[in-house]
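Chains as they are written, first to last, in our numbering: chain A, 794 to 1007; chain B, 794 to 1007.
Don't take every hint at face value.
Remember, identical chains collapse to one label, so a pair may be satisfied in a single copy or spanning two.
The calculated lysine to any residue pairs, modelled on SDA-like cross-linking and capped at a C-alpha distance of 25 Å, are [stated by the list, open to error]:
{"#": "1", "residue 1": "LYS881", "residue 2": "PRO897"}
{"#": "2", "residue 1": "LYS836", "residue 2": "THR901"}
{"#": "3", "residue 1": "LYS1007", "residue 2": "GLY966"}
{"#": "4", "residue 1": "LYS1007", "residue 2": "ILE990"}
{"#": "5", "residue 1": "LYS818", "residue 2": "GLN993"}
{"#": "6", "residue 1": "LYS1007", "residue 2": "VAL939"}
{"#": "7", "residue 1": "LYS995", "residue 2": "THR959"}
{"#": "8", "residue 1": "LYS852", "residue 2": "SER840"}
{"#": "9", "residue 1": "LYS836", "residue 2": "ASN904"}
{"#": "10", "residue 1": "LYS818", "residue 2": "GLY997"}
{"#": "11", "residue 1": "LYS1007", "residue 2": "THR896"}
{"#": "12", "residue 1": "LYS852", "residue 2": "LYS1007"}
{"#": "13", "residue 1": "LYS836", "residue 2": "HIS916"}
No lab work stands behind these hints: they were computed from the structure.
Number of protein chains: 2
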Amino acid sequence: MNIGVLGTGIVGQTIGHRLIELGHKVMMGSRTADNRAGLVWAKAAGSSASFGVYGEAAKFGEMLFNCTSGTGSLSALEFAKAADLNNKVLIDVANPLDYSRGTPATLTVSNTDSLGEQIQRHHPLLKVVKALNTMNVDVMVHPERVRGAHDVFICGNDGVAKATVTKLLTEMGWESIIDLGDITNARGMEMALPLWISLQKKLGTNIFNFKIAK
Amino acid sequence: MNIGVLGTGIVGQTIGHRLIELGHKVMMGSRTADNRAGLVWAKAAGSSASFGVYGEAAKFGEMLFNCTSGTGSLSALEFAKAADLNNKVLIDVANPLDYSRGTPATLTVSNTDSLGEQIQRHHPLLKVVKALNTMNVDVMVHPERVRGAHDVFICGNDGVAKATVTKLLTEMGWESIIDLGDITNARGMEMALPLWISLQKKLGTNIFNFKIAK
Chain A
794 MNIGVLGTGI VGQTIGHRLI ELGHKVMMGS RTADNRAGLV WAKAAGSSAS
844 FGVYGEAAKF GEMLFNCTSG TGSLSALEFA KAADLNNKVL IDVANPLDYS
894 RGTPATLTVS NTDSLGEQIQ RHHPLLKVVK ALNTMNVDVM VHPERVRGAH
944 DVFICGNDGV AKATVTKLLT EMGWESIIDL GDITNARGME MALPLWISLQ
994 KKLGTNIFNF KIAK
Chain B
794 MNIGVLGTGI VGQTIGHRLI ELGHKVMMGS RTADNRAGLV WAKAAGSSAS
844 FGVYGEAAKF GEMLFNCTSG TGSLSALEFA KAADLNNKVL IDVANPLDYS
894 RGTPATLTVS NTDSLGEQIQ RHHPLLKVVK ALNTMNVDVM VHPERVRGAH
944 DVFICGNDGV AKATVTKLLT EMGWESIIDL GDITNARGME MALPLWISLQ
994 KKLGTNIFNF KIAK
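Looking at chain A on its own, in the form it has when it is part of the complex:
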């Protein structure tokens, strides 16, 4: 599948590499055409990788990944034309983390709203599926690095879109995918981040994840 990955940070790069490894073609998108991280990544990632501005990556992708920083996600999507977003699935892995007030990080939106919902409201015909935001990127793309069973949560308003995302997550190695319901459940998924940050500090590693014991 052709997949557009929005964002050139470590999350976008790691997910982009993994998607190529799984046989997909990836265009990474950035705000500017001369983004060094994006150009270097595309060169290193081989013939299935390319780089462009956000609008080009959105147009390229049959499916999109939002790997921009949460505070920049809405403005990044403004660079794409509605026609290049409408009816596509966007997997939103971003968290609206704000480090400007120091640590622990706070959320720029939470409690009565979420980044996932904001993106869905701004782009009503985009099929937003919140996923993979509750673990480190190394765990996102290689869940087998965490020992034992553990879970990835997804939510979104479109059942077919969630089935598509579930298939892709299964390709990535995810064995337990919990569909929490509509996109309002992104609140809980994003509000899990402060606990994740506390746990990271306590455990001294990024390689852990939530498991729901029943």
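Start from chain A and add chain B according to the hints.
Just chain B, lined up with the frame of chain A:
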């Protein structure tokens, strides 16, 4: 140990019963001396149980449990004298849940502050330990009802207080207790509630809990 349980709802009643079962003496506290739930509970719970107003329960307890609703916790503690709170351990199991705007519930404090921190700030000599707020009350007092390994988080500023709470949690059956650090970590613990609520709806049961897989 003599333990004061503030709050006469299902959480206070269930924890009170369990503490008595474990050999402790419990005074349940309420705002008014004629609280029917408290009087009925104390009568049913036997000779180790008693009931009084918040100030009496605070005075009685060598250790206190805050089982009031999160929105009423600060005002409940105002009924106690400083001398009956100072240097005591208070286990804060409450969540600042607000259902007044319907479901999903929102938090009355979150992100940049937490109920645990608010209680600690209002009563600087009280040793607040946030604990047991991330699972249903039946799981709180009988963790063995959830199959497999799972975790309870605690946080607070006083190491001796956390050791005391850890001992009590162990008595209750908890095998994995994760100390997240100081009381600011109550933010993450309380912000886990929206995800818990989503999971409850999805799973159709209260009998589940978070496990940190590593």
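These are the hints, each one checked on the structure:
no. : hint                : result
1   : LYS881 with PRO897  : neither (35 Å within a copy, 28 Å between copies)
2   : LYS836 with THR901  : neither (34 Å within a copy, 49 Å between copies)
3   : LYS1007 with GLY966 : both (22 Å within a copy, 16 Å between copies)
4   : LYS1007 with ILE990 : both (24 Å within a copy, 15 Å between copies)
5   : LYS818 with GLN993  : neither (33 Å within a copy, 38 Å between copies)
6   : LYS1007 with VAL939 : both (19 Å within a copy, 5 Å between copies)
7   : LYS995 with THR959  : between (31 Å within a copy, 16 Å between copies)
8   : LYS852 with SER840  : within (19 Å within a copy, 73 Å between copies)
9   : LYS836 with ASN904  : neither (41 Å within a copy, 40 Å between copies)
10  : LYS818 with GLY997  : neither (35 Å within a copy, 40 Å between copies)
11  : LYS1007 with THR896 : between (33 Å within a copy, 24 Å between copies)
12  : LYS852 with LYS1007 : neither (42 Å within a copy, 38 Å between copies)
13  : LYS836 with HIS916  : neither (31 Å within a copy, 59 Å between copies)
The structure fails hints 1, 2, 5, 9, 10, 12, 13 (numbered hints given earlier, in ascending order).
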